[in-house]
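Novice: Sequence lines, in order, name chains A and B. Using the numbering used here, the letters of the first sequence map in sequence onto residues 1 to 302. Using the numbering used here, the letters of the second sequence map in sequence onto residues 1 to 247.
Any given hint could be a false lead.
Claimed, not checked - EDC-like cross-link-like pairs, simulated, lysine to aspartate or glutamate; straight-line CA separation at most 20 Å: (1) B:Lys85 to A:Asp19; (2) A:Lys126 to B:Glu80; (3) B:Lys88 to A:Glu82.
Unchecked claim - Calculated Cβ distances over 12 Å to all of chain B for the following chain A residues: (4) Glu49; (5) Ile208; (6) Ala231.
It should be emphasised that the hints constitute simulated quantities derived from the structure, not laboratory data. Beta carbons: idealized from backbone N, C-alpha and C, even for Gly.
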Amino acid sequence: MVVETKGLTVKYKDFVAVDNISFDVAPGEIFGIVGPNGAGKTSTMECLEGLKKPYSGRINILGIDPANRKELYNHIGVQLQEASFPDLIKVEELCQLFSSFYKNPADYHMLLERFELTDKKKSYVKKLSGGQKQKISIIAALIANPQVIFLDELTTGLDPQARLDMWELIKSLGSEGRTILMTTHYMEEAEYLCDRVCIMMKGKIVAIGTVKELIEQTGISQKITFSSSNAKKQDLLAIDHVTDVNMRDGIVEIYGTGKNLLRDVTIYLTEHNIAFEDLSSKNPGLEEVFLKLTGFGLEKFS
Amino acid sequence: MKAFLVMTLTELKLSMRTYVYVFFAFVFPPMMLLLFGGIYGNTPSDFYHGYGAVDVLTPAYIGMILAVSGIMGLPLGLAEYRQRKVLKRYKATPIGTGTIMVPQLLVNGFMSIVGLLILIIIGKIVFNLHFLGNVFYFIVAFLLSMASVFSVGFLIAAVAPNNRAAMGIAYLVYFPMLFLSGATIPLQIMPKAVQVISKFLPLTYCVEILQGTWMGNPLGDFSRQIIILLAIAAVCTGLSVKFFRWE
Chain A
1 MVVETKGLTV
11 KYKDFVAVDN
21 ISFDVAPGEI
31 FGIVGPNGAG
41 KTSTMECLEG
51 LKKPYSGRIN
61 ILGIDPANRK
71 ELYNHIGVQL
81 QEASFPDLIK
91 VEELCQLFSS
101 FYKNPADYHM
111 LLERFELTDK
121 KKSYVKKLSG
131 GQKQKISIIA
141 ALIANPQVIF
151 LDELTTGLDP
161 QARLDMWELI
171 KSLGSEGRTI
181 LMTTHYMEEA
191 EYLCDRVCIM
201 MKGKIVAIGT
211 VKELIEQTGI
221 SQKITFSSSN
231 AKKQDLLAID
241 HVTDVNMRDG
251 IVEIYGTGKN
261 LLRDVTIYLT
271 EHNIAFEDLS
281 SKNPGLEEVF
291 LKLTGFGLEK
301 FS
Chain B
1 MKAFLVMTLT
11 ELKLSMRTYV
21 YVFFAFVFPP
31 MMLLLFGGIY
41 GNTPSDFYHG
51 YGAVDVLTPA
61 YIGMILAVSG
71 IMGLPLGLAE
81 YRQRKVLKRY
91 KATPIGTGTI
101 MVPQLLVNGF
111 MSIVGLLILI
121 IIGKIVFNLH
131 FLGNVFYFIV
141 AFLLSMASVF
151 SVGFLIAAVA
161 PNNRAAMGIA
171 YLVYFPMLFL
181 SGATIPLQIM
191 PKAVQVISKF
201 LPLTYCVEIL
211 QGTWMGNPLG
221 DFSRQIIILL
231 AIAAVCTGLS
241 VKFFRWE
C-alpha cells in the first residue's frame with residue numbers, strides 16, 4: 001500500500017475534526033475523499049501531507065512517517081486548498097524556485113509544454129486565469145517528481161471548461177502510474193476520476209469503495225420519470241422490480257432495480273394504454289449515494 | 001544551499017517589482033534630502049551645532065530608510081505570504097525554516113543598504129555631503145539599528161492576525177516613528193511633548209546613534225542607546241519566535 005492510515009484522529013480543543021478513520025490507498029490508484037464542508041477532508045489531507053502536527057493514529061506514506069518532513073517531501077507532490085504564490089512572481093521564476101528545492105527535480109520546461117503554458121513563461125502568475133493558476137500549482141507539485149500527489153479541491157471555483165481540462169490532466173497523471181489522493185465537492189468529478197471514493201461526514205468515514213460498490217451497498221434504485229394523466233399508483237407498483245412510486249401533479253416517479261426496469265415499465269404502459277410523455281430514466285450515481293448516506297441536500301454542500 | 005540562493009534572488013526581484021517599496025526606500029529619502037537641503041544648504045549653521053544641515057539630516061534619513069524596510073517591507077511581505085498560504089506551501093517542500101525566513105531578512109537588509117548608498121551618492125553630488133566619523137563605528141551603528149528595527153517588524157508580522165491588520169499596525173508604527181523620532185524633522189524644533197514621546201520610539205535611538213557616529217563621536221558615547229537597541233532586538237525577536245504562525 002502506498003498510503004496507510006490507521007485510527008487517524010484530529011482534535012481542535014473540544015471539536016473532533018477527524019474521528020478515528022482508517023483507510024489504505026493502493027499504488028496507482030486515484031482515491032477521492034468527498035463530503036460536506038467541515039467533514040474533515042482537508043484535515044485528513046494535511047495530516048497525510050505532514051502539515052498538521054498534532055494528531056493521533058498511524059500514518060505511513062511510501063513507508064515514510066509524515067513527521068520525517070524532508071524525506072516525505074522528496075516523494076510527494078502537494079497542491080493546497082486556496083494556496084497561492086507571490087503576486088509578482090513570473091511563471092518561469094516560480095518553476096525555477098521550486099526546482100531548486102529538490103535534489104532531482106522534474107524538467108519544468110516539459111511540464112509547461114505538457115500543460116500548454118510554455119508561452120506564459122514570462123507572465124506574472126497573478127495575471128493567469130483560474131485554470132492556468134491551478135495548472136501552475138500542479139506543476140509545482142510535479143516538480144518534486146512525486147509518486148504520490150495530493151490534490152485538495154483542485155477544481156473548486158473553476159469554470160466548466162477549465163474543470164474538464166483539469167479532469168483530463170488528472171486522468172493522465174493517473175495513467176502514468178502515479179497515486180493520487182484528492183478531495184472534491186463535485187460528485188460527478190469523483191465519479192469520473194476516482195477508482196475508489198471515501199465519503200466523510202462529521203470526521204467519520206460513512207462509506208468507502210468503488211462507485212459501483214457504493215451504489216450496491218446503499219441499495220439505491222434507478223428512477224424513471226414521466227408525466228401521465230391516467231396512471232394509477234396501484235397498477236404501477238405491480239410491475240416487476242418496481243419498489244416505489246411517487247405521483248404528484250401528473251408527474252410520475254418510479255423507483256426500482258434491475259437491468260430490465262425501463263423495458264418492463266414501457267411495455268406495461270403501452271399494453272395498458274396508459275398515456276405517458278417526457279419519459280426519462282436516471283441511473284443512480286455517486287450523487288444519489290452521497291445524498292442518501294449524508295442526508296445532505298445539494299444546497300447544503302456548496 | 002541552491003534553494004537558499006534561488007529563494008534570496010527571487011525575493012529580491014519581487015521586492016524590486018514592488019513599486020511602493022522601491023519609492024519609499026530609494027526615491028523618497030533623497031527627495032526629502034533635496035527638499036530640506038535645498039532650503040537649508042550644507043553650510044555650517046548654529047542651529048545644527050556648527051554642522052551643515054545636509055550632514056546632519058543624511059544619517060537621520062538613513063534611519064528612515066531602515067524603518068521603511070523593517071517596519072513596512074518585512075512584516076507586510078510576511079503577512080501577505082501567510083495570508084495567501086505561500087508560507088504553508090513552502091512548508092510542504094523539503095526546504096527548512098531558514099531557507100524561508102533568512103532570505104526575507106537579507107533582501108530587506110539589502111534594500112536598506114541600496115537606499116543608503118543612493119542617499120549618500122545624491123548627497124555627495126548635490127550638497128558635497130561630509131562623512132565626519134569612523135566608518136567601522138558607523139557600520140556597527142547601522143547594523144545594530146537594523147537588528148532593532150527589523151525585530152520590531154518581525155514582531156508585527158508575528159502578532160498580526162491577517163494582512164490588513166499587519167498593514168494597519170505597520171502604518172501605526174511607521175508614521176509616528178518617522179515624524180516623532182527625528183528621522184525626518186529634527187527633534188530640537190519639536191514641542192516638549194513630542195520629545196517625551198520620542199523617548200519611547202526605537203527609531204529615536206537609531207537616529208541618535210547613526211547621527212552621532214556619522215558626526216565623529218565614538219561608539220562609547222552611546223552605551224545607553226546600544227543597550228536599549230539590543231534589548232529591543234532581543235525582546236522583539238524572542239516574542240516573534242514565540243508567536244509566529246505559519247498559517
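Novice: None of the hints should be skipped; say for each whether it holds.
Specialist: Evaluated hints:
1. B:Lys85 to A:Asp19: With a Cα-Cα distance of about 26 Å, the restraint between B:Lys85 and A:Asp19 is violated, given a limit of 20 Å.
2. A:Lys126 to B:Glu80: The hint holds at about 14 Å.
3. B:Lys88 to A:Glu82: Measuring from Cα to Cα gives roughly 11 Å; hence the hint holds.
4. Glu49: 6 Å, violated
5. Ile208: Fine: 26 Å to the nearest Cβ keeps A:Ile208 off the interface.
6. Ala231: About 56 Å separates A:Ala231 from the closest Cβ of chain B, which puts it past 12 Å; holds.
The structure does not agree with the numbered hints 1, 4 stated previously, though it agrees with the rest.
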